[in-house]
Amino acid sequence: MFISKAQVQNLLKTYGKDNKNKNIQKTTEVKGAAKKDKIAISNESKTKQKAMQSIKKSDDLRQDKIDAAKQKISTGTYTKSNDEVAEKMIEQAIIDKLI
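Residue numbers (full-length UniProt numbering): 1 to 99.
Treat the hints as calculated values from the structure; they're not laboratory data. It should be emphasised that the depicted structure is a prediction, and the values quoted were computed from it without experimental measurement.
Derived DMTMM-like pairs: lysine to aspartate or glutamate, alpha-carbon spacing no greater than 25 Å straight-line:
no.	residue 1	residue 2
1	K56	E87
2	K57	D67
3	K72	E87
4	K56	D67
Let's have the full structure, built from the sequences with the hints guiding it.
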């Protein structure tokens, strides 16, 4: 199927006119005092926020473990079994779904 330039331009003109009319209608419909935006945070979201804040705070406590792991990796002495790696990956996937 071939779409010509003229067809595209006609389509754009048609939708362009509709969008202009919609914008005009929207601005004329607003009368009186402007409504204020409100936001409501659910309890679940608040719990997630608290958990994320505590995770961010605990990063400093694990820095020694990170440094030790980097040292082992650079010297080639870091070893973990495939089962341990797979288990941690599955645990993290479950945690990610919960969060």
